[in-house]
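Q: Sequences listed follow chains A, L and X, in order.
Residues in the first sequence are numbered from 1 upward in steps of one, following this note's numbering.
Residues in the second sequence are numbered from 1 upward in steps of one, following this note's numbering.
Residues in the third sequence are numbered from 1 upward in steps of one, following this note's numbering.
Just so you know, the hints here were simulated from the structure itself, not pulled from any lab data.
A portion of the hints provided could be inaccurate.
[Said to hold, decoys possible] The following label-pair restraints were derived from C-beta to C-beta distances:
1. L:K233 with X:P8: 49 to 55 Å
2. X:V216 with L:K200: 37 to 43 Å
3. L:Y174 with X:P8: 29 to 35 Å
[As the list claims (entries may be wrong)] 16 Å max Cα-Cα, derived EDC-like pairs, lysine to aspartate or glutamate:
4. X:K7 with A:E67
5. L:K230 with L:E244
6. A:K27 with X:D63
7. A:K27 with X:E64
8. X:K7 with A:E68
9. A:K64 with X:E5
10. A:K99 with A:D34
11. X:K40 with A:D21
12. A:K64 with A:E77
13. X:K202 with L:E119
14. L:K41 with L:E290
[Said to hold, decoys possible] Covered stretches of chain X, going by a simulated chain A footprint (3 or more residues, C-beta under 8 Å):
15. 42-50
16. 54-68
17. 174-187
Note that CB positions come from ideal geometry on N, CA and C, so glycine has one too.
This is what each chain is made of:
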Amino acid sequence: MRLSYPTNVKVIQVPCTGRVDIIHLLKAIEEGADGVYVAGCLEGECHYLAGNLKAKKRVKYVKKVLEEIGMEPDRVEMFNMSSSEGPRFAAVAREMTEKIKALGPSPVRSNS
Amino acid sequence: MKAGSNLEKVLTAGIFAITGECGPPRGANAEVVREKAKFLKGNVDSVNVTDNQTAVVRMSSLGASLILIQEGVEPNLQMTARDRNRIAVQSDILGAYALGIRNMLCLSGDHQKFGDHPEAKNVFDLDSMQLIQTVKKMRDEGTLINGHKLDGAPKMFIGCAANPFADPFEFRVYRLANKIDAGADFVQTQCIYNLERFRKWVDQANDMGLLENVFLMGGVTPMKSVGMAKYMKNSVPGMDVPDEIIKRLQGVPKGDQAKEGIKIAVETIHQLREMKGIAGVHLMAIEWEERVPEIVEMAGMLPRPVL
Amino acid sequence: MIVGERKPLGDILDMIKDYKKVLVVGCKGCVTVCNVGGEKEVGILASSIRISRKKDGNEITVDERTLERQCDPEYVDQLKDIVSDYDAMVSIACGVGPQFLAERYPDAAVYPGINTQFMGGALEHGVWAERCQGCGACLVHNFGGHCPIARCSKSLLHGPCGGSSGGKCEISKDVDCVWHLIVEKLAKQGKMDSLRKLVPTKNWSTSRDGGPRKVVREDLKL
Numbered sequence: 001m002r003l004s005y006p007t008n009v010k011v012i013q014v015p016c017t018g019r020v021d022i023i024h025l026l027k028a029i030e031e032g033a034d035g036v037y038v039a040g041c042l043e044g045e046c047h048y049l050a051g052n053l054k055a056k057k058r059v060k061y062v063k064k065v066l067e068e069i070g071m072e073p074d075r076v077e078m079f080n081m082s083s084s085e086g087p088r089f090a091a092v093a094r095e096m097t098e099k100i101k102a103l104g105p106s107p108v109r110s111n112s
Numbered sequence: 001m002k003a004g005s006n007l008e009k010v011l012t013a014g015i016f017a018i019t020g021e022c023g024p025p026r027g028a029n030a031e032v033v034r035e036k037a038k039f040l041k042g043n044v045d046s047v048n049v050t051d052n053q054t055a056v057v058r059m060s061s062l063g064a065s066l067i068l069i070q071e072g073v074e075p076n077l078q079m080t081a082r083d084r085n086r087i088a089v090q091s092d093i094l095g096a097y098a099l100g101i102r103n104m105l106c107l108s109g110d111h112q113k114f115g116d117h118p119e120a121k122n123v124f125d126l127d128s129m130q131l132i133q134t135v136k137k138m139r140d141e142g143t144l145i146n147g148h149k150l151d152g153a154p155k156m157f158i159g160c161a162a163n164p165f166a167d168p169f170e171f172r173v174y175r176l177a178n179k180i181d182a183g184a185d186f187v188q189t190q191c192i193y194n195l196e197r198f199r200k201w202v203d204q205a206n207d208m209g210l211l212e213n214v215f216l217m218g219g220v221t222p223m224k225s226v227g228m229a230k231y232m233k234n235s236v237p238g239m240d241v242p243d244e245i246i247k248r249l250q251g252v253p254k255g256d257q258a259k260e261g262i263k264i265a266v267e268t269i270h271q272l273r274e275m276k277g278i279a280g281v282h283l284m285a286i287e288w289e290e291r292v293p294e295i296v297e298m299a300g301m302l303p304r305p306v307l
Numbered sequence: 001m002i003v004g005e006r007k008p009l010g011d012i013l014d015m016i017k018d019y020k021k022v023l024v025v026g027c028k029g030c031v032t033v034c035n036v037g038g039e040k041e042v043g044i045l046a047s048s049i050r051i052s053r054k055k056d057g058n059e060i061t062v063d064e065r066t067l068e069r070q071c072d073p074e075y076v077d078q079l080k081d082i083v084s085d086y087d088a089m090v091s092i093a094c095g096v097g098p099q100f101l102a103e104r105y106p107d108a109a110v111y112p113g114i115n116t117q118f119m120g121g122a123l124e125h126g127v128w129a130e131r132c133q134g135c136g137a138c139l140v141h142n143f144g145g146h147c148p149i150a151r152c153s154k155s156l157l158h159g160p161c162g163g164s165s166g167g168k169c170e171i172s173k174d175v176d177c178v179w180h181l182i183v184e185k186l187a188k189q190g191k192m193d194s195l196r197k198l199v200p201t202k203n204w205s206t207s208r209d210g211g212p213r214k215v216v217r218e219d220l221k222l
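Given the sequences, and given the hints that come with them, work out the whole structure.
A: Structure, rendered in structure tokens:
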């Protein structure tokens with residue numbers, strides 16, 4: 001499957017989304033990313049039992065942080081997909097890109 | 001007139017006022033209060049009724065105040081924040097007003113450690129500053145702290161205490177300013193023995209223009225003996241008794257010490273009367289109410305005005 | 001442990017709005033264990049502050065430091081060479097931390113980043129509950145190992161009151177009636193008799209009511 005997805009999405013691989021911490025998401029925003037999303041396994045299908053559920057809660061926490069400082073919480077998202085769903089991966093990349101484009105560039109980048 | 005109490009009338013008329021003090025008994029014996037009232041009636045403009053002073057359990061200030069009213073003496077209800085939370089504070093204010101109380105002195109209260117129940121839990125939900133604000137809000141806005149509209153606002157003449165002799169001295173005048181901002185109509189000070197320091201504090205208050213907006217009454221307590229003077233100097237926190245006072249009392253025979261103490265008190269009243277910004281004196285003759293008539297007489301403050 | 005909660009970010013940002021260089025100081029004690037003031041949380045707070053200030057085009061330098069403890073002078077002392085490099089410090093230790101920092105560094109502007117809540121323990125991961133109020137005279141052994149001072153809303157020594165319902169307190173269905181627990185426990189142990197005794201009035205002078213407290217151990221003093 002040679003599926004194309006927007007080139008502006010930079011993929012950082014982790015063994016499990018349970019490894020993704022709050023600080024990682026914040027760092028991406030701090031360094032100027034317009035948006036960050038976590039692509040995890042389907043709920044209930046985590047190889048480490050609950051990694052993706054933990055990631056979901058951390059994404060929620062970061063959304064709250066952004067809200068508290070007056071930024072759009074939608075710049076951070078959690079998506080779930082199975083590793084066999086290539087087309088879904090590409091679709092999510094497009095969906096998130098569209099959503100972020102609609103929000104415009106991150107004020108962190110444009111104001112500093 | 002904010003409350004229309006006798007004290008407010010005398011002060012507003014620009015007459016040098018005098019208030020007395022009545023410590024309720026450690027028991028339910030109303031006669032003690034009636035007895036004290038006899039010496040105070042007609043000799044002072046209003047009488048402070050202490051609220052479990054030094055955290056020693058006594059008949060309630062409200063109870064004793066009502067007895068004074070029955071005796072034809074206007075009470076100044078002292079209320080501390082030590083023993084009641086904001087619910088009890090507000091409720092007691094409403095009850096007091098309904099029963100005829102028109103003056104209140106708002107205090108934080110001595111810590112219970114000094115009293116006869118050092119094991120008691122303390123409350124201090126509000127402090128004196130917030131207590132003043134509470135009474136003012138209830139009087140002027142007719143609401144409770146939470147904004148609830150009252151059916152009948154308690155029109156109190158609001159008093160507070162000030163101690164120019166506590167530390168740090170530089171801050172004392174600002175604390176007074178805060179109390180005035182909070183809503184105090186009159187101020188009664190701690191007993192004055194160090195007139196020099198008191199004068200310095202009054203000068204500061206005058207310089208800041210504070211005494212144009214409040215009636216300041218200087219506190220005077222006659223010494224009964226050298227022993228009392230030494231006790232006040234060494235064991236009462238925030239009390240400033242210069243050595244000259246003690247020496248002066250020591251300089252007369254033991255039997256004349258009380259007379260000398262009264263003489264000092266009268267001299268202090270005369271000095272206060274000359275001071276700019278002083279609206280009156282608060283005479284605290286502690287467990288010595290029977291000497292109040294002669295002190296007021298000697299101070300040349302009789303008869304008291306009837307307004 | 002002492003349990004706290006982070007202050008709203010808006011409050012913290014407001015405290016330091018005039019500063020350009022700030023040190024966030026964490027503590028490896030209680031607040032690390034309850035995930036509110038350790039090294040990790042220092043990083044999160046520092047990053048959040050930087051994001052917010054970059055967003056507003058008002059950049060700030062936020063450095064991070066986590067001390068072994070903020071309640072011991074020897075660790076607080078470790079900041080002595082760098083304190084003057086900063087306009088302000090935000091301590092995310094319990095309320096002791098910012099005070100020890102401010103006492104040790106009288107010229108520094110010190111701000112608290114968390115609200116200290118209580119002495120308690122973890123009921124499960126992410127849930128903490130109050131267990132002790134530091135009354136200075138422990139009596140949990142009289143109450144089946146439960147403290148009615150800290151856990152009864154009215155601190156009753158003779159409960160449960162008339163507001164106890166279905167094991168819950170009248171103030172909220174989320175609050176256990178500790179007296180319900182006490183009765184249950186003592187009933188199970190066959191010690192209900194002990195609840196038929198009247199407890200004398202408590203001496204609160206050993207608690208905060210007696211004034212600020214201090215513990216002195218002569219055997220440990222240097």
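Q: Are the hints correct? Go through all of them and say.
A: Quick rundown of the hints versus the structure:
For L:K233 paired with X:P8, a C-beta distance near 51 Å keeps the hint of 49 to 55 Å intact. Separated by about 39 Å at the C-beta atoms, X:V216 and L:K200 satisfy the suggested range of 37 to 43 Å. Range check, L:Y174 to X:P8: about 31 Å between beta-carbon atoms, so the 29 to 35 Å window is met. For the hint pairing X:K7 with A:E67, the CA-to-CA distance comes to about 14 Å; that is within 16 Å, so the pair holds.
Of the supplied pair hints, the one linking L:K230 and L:E244 holds, its CA atoms being roughly 12 Å apart against a limit of 16 Å. Of the pairs offered as hints, the one joining A:K27 and X:D63 holds, with about 14 Å between alpha carbons and a cut-off of 16 Å not exceeded. Distance check on the hinted pair: A:K27 and X:E64 sit about 14 Å apart at the alpha-carbon level, within 16 Å; holds. Distance restraint check for X:K7 and A:E68: the Cα-Cα separation of roughly 11 Å lies within the 16 Å cut-off, and the hinted pair is therefore satisfied.
Under the criterion of a C-alpha separation no larger than 16 Å, the hint pairing A:K64 with X:E5 is consistent with the structure, at around 15 Å. Among the hinted pairs, A:K99 with A:D34 is consistent with the structure: their alpha-carbon atoms are about 10 Å apart, no more than 16 Å. In summary, the hint linking X:K40 to A:D21 is supported, as the alpha carbons are separated by about 10 Å, within the 16 Å threshold. A threshold of 16 Å between alpha carbons decides the hint, and for A:K64 with A:E77 the separation of about 12 Å falls inside it, so the pair holds.
For the hint linking X:K202 to L:E119, the alpha-carbon distance of about 7 Å falls within 16 Å, and the restraint holds. The hinted pair formed by L:K41 and L:E290 meets the criterion: a straight-line CA distance of about 11 Å does not exceed 16 Å. As drawn, the region 42-50 of chain X meets chain A at 5 residues by the rule of a beta-carbon pair under 8 Å; at three or more, the given contact holds. As drawn, the region 54-68 of chain X meets chain A at 5 residues by the rule of a beta-carbon pair under 8 Å; at three or more, the given contact holds.
Look at the region 174-187 of chain X against chain A: 0 of its residues bring a Cβ nearer than 8 Å to a Cβ of that chain, fewer than three, so the hint is violated.
The structure is inconsistent with hint 17 alone, although it conforms to all the rest.
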